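Enquirer: Build out the structure end to end from the sequences listed, making use of the hints.
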Amino acid sequence: EAQVTQNPRYLITVTGKKLTVTCSQNMNHEYMSWYRQDPGLGLRQIYYSMNVEVTDKGDVPEGYKVSRKEKRNFPLILESPSPNQTSLYFCASRRGTGVNSPLHFGNGTRLTVT
Amino acid sequence: GNSVTQMEGPVTLSEEAFLTINCTYTATGYPSLFWYVQYPGEGLQLLLKATKADDKGSNKGFEATYRKETTSFHLEKGSVQVSDSAVYFCALFPWGTDKLIFGTGTRLQVFP
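Going down the list, the sequences are from chains V and B.
In terms of our numbering, the first sequence is residues 1 to 114.
In terms of our numbering, the second sequence is residues 1 to 112.
There could be a bad hint or two in this list.
Straight-line distance between alpha carbons at most 20 Å, and here's what the computed EDC-like set of lysine to aspartate or glutamate pairs gives [said to hold, decoys possible]: (1) Lys71(V) with Glu30(V); (2) Lys18(V) with Glu62(V); (3) Lys56(B) with Glu42(B); (4) Lys60(B) with Asp84(B); (5) Lys77(B) with Glu8(B); (6) Lys57(V) with Asp38(V); (7) Lys77(B) with Asp59(V); (8) Lys52(B) with Glu76(B); (9) Lys71(V) with Asp98(B); (10) Lys99(B) with Glu30(V); (11) Lys57(V) with Asp98(B); (12) Lys68(B) with Asp55(B); (13) Lys99(B) with Asp38(V); (14) Lys99(B) with Glu79(V); (15) Lys17(V) with Asp56(V); (16) Lys18(V) with Glu1(V); (17) Lys99(B) with Asp56(V); (18) Lys69(V) with Asp56(V); (19) Lys77(B) with Asp98(B); (20) Lys99(B) with Glu1(V).
Quick caveat, the hints were computed from the structure, so don't treat them as lab data.
None of the values given here were measured: they were computed from a predicted structure.
Expert: Below you can see the structure in the form of structure tokens.
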């Protein structure tokens, strides 16, 4: 089954404790992206990757890192999480570029930083 | 700049009622427009899209028409079901870019 898999689904951590949220897709998609979803703000893009070893900042990259060493994986790293990073995070992927390739989303990771 | 404005929710309807969720946009050039749906506990899924003016996207009984003169892409359904309860996102793909811009989402609650 074609899917984007994020782990974990829920994560509670404390300020400053490094964490990684994993994202993997089995569709051989070139493009991958991370979003955060906050009430009243919709989805905002954190980082994206057009292909292996190519990453770029989105609208809200501060406090986050990503890497794209393999085509299928695109982990999101929070080196020193802070409470304002409490949010619902989504990974997404699509084939190539352009409007004819819809985004496929994972089921989300709800992160709470205390 | 490029942006999407959606009506605030929640929208609360009885089953079989008519649904409209308003979406307007600001963009240069010729953007493509989308509606995504997010069911509880899940990620977003593409519901429908329109890539040029006067196109009508449709899926699962939902429709939206790309109106360039009013810069709108309102989502409609003639008869909603309880299973349509979800959050609906309007999104914009500006011409010449590779980035999807989302609205803030509108929660729909349908009661039997």
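Enquirer: What's the verdict on lysine 77(B) and glutamate 8(B), does the C-alpha distance respect the 20 Å limit or exceed it?
Expert: 18 Å, holds
Enquirer: What's the verdict on lysine 18(V) and glutamate 1(V), does the C-alpha distance respect the 20 Å limit or exceed it?
Expert: Answer violated: lysine 18(V) to glutamate 1(V) is near 32 Å, above 20 Å.
Enquirer: Going straight from one Cα to the other, do lysine 71(V) and aspartate 98(B) come out at no more than 20 Å?
Expert: It holds: about 19 Å lies between the C-alpha atoms, which stays within 20 Å.
Enquirer: Sort out whether glutamate 1(V) lies within 20 Å of lysine 99(B), counting only the CA atoms.
Expert: With Cα atoms ~26 Å apart, lysine 99(B) and glutamate 1(V) exceed 20 Å; violated.
Enquirer: Would the pair lysine 60(B) and aspartate 84(B) pass a check requiring their Cα atoms to be no farther apart than 20 Å?
Expert: Measuring from Cα to Cα gives roughly 10 Å; hence the hint holds.
Enquirer: Tell me if the straight-line CA distance from lysine 18(V) to glutamate 62(V) falls inside 20 Å.
Expert: 15 Å, holds
Enquirer: Holds or violated: lysine 99(B) with aspartate 38(V), Cα cutoff 20 Å?
Expert: Holds, because 19 Å separates the two Cα atoms, which is no more than 20 Å.
Enquirer: Please verify whether lysine 99(B) and aspartate 56(V) have alpha carbons no more than 20 Å apart.
Expert: Answer holds: lysine 99(B) to aspartate 56(V) is near 12 Å, not above 20 Å.
Enquirer: Given the hinted pair lysine 71(V) and glutamate 30(V), is their Cα-Cα distance within 20 Å?
Expert: 7 Å, holds
Enquirer: Within 20 Å, alpha carbon to alpha carbon, are lysine 57(V) and aspartate 38(V)?
Expert: 19 Å, holds
Enquirer: Given the hinted pair lysine 68(B) and aspartate 55(B), is their alpha-carbon gap at most 20 Å?
Expert: 10 Å, holds
Enquirer: Hinted pair, alpha-carbon criterion (20 Å max): lysine 17(V), aspartate 56(V). Please report holds or violated.
Expert: The given pair, whose Cα atoms are some 24 Å apart, is violated under the 20 Å limit.
Hint violations for this structure: numbers 3, 7, 14, 15, 16, 19, 20, all remaining hints satisfied.
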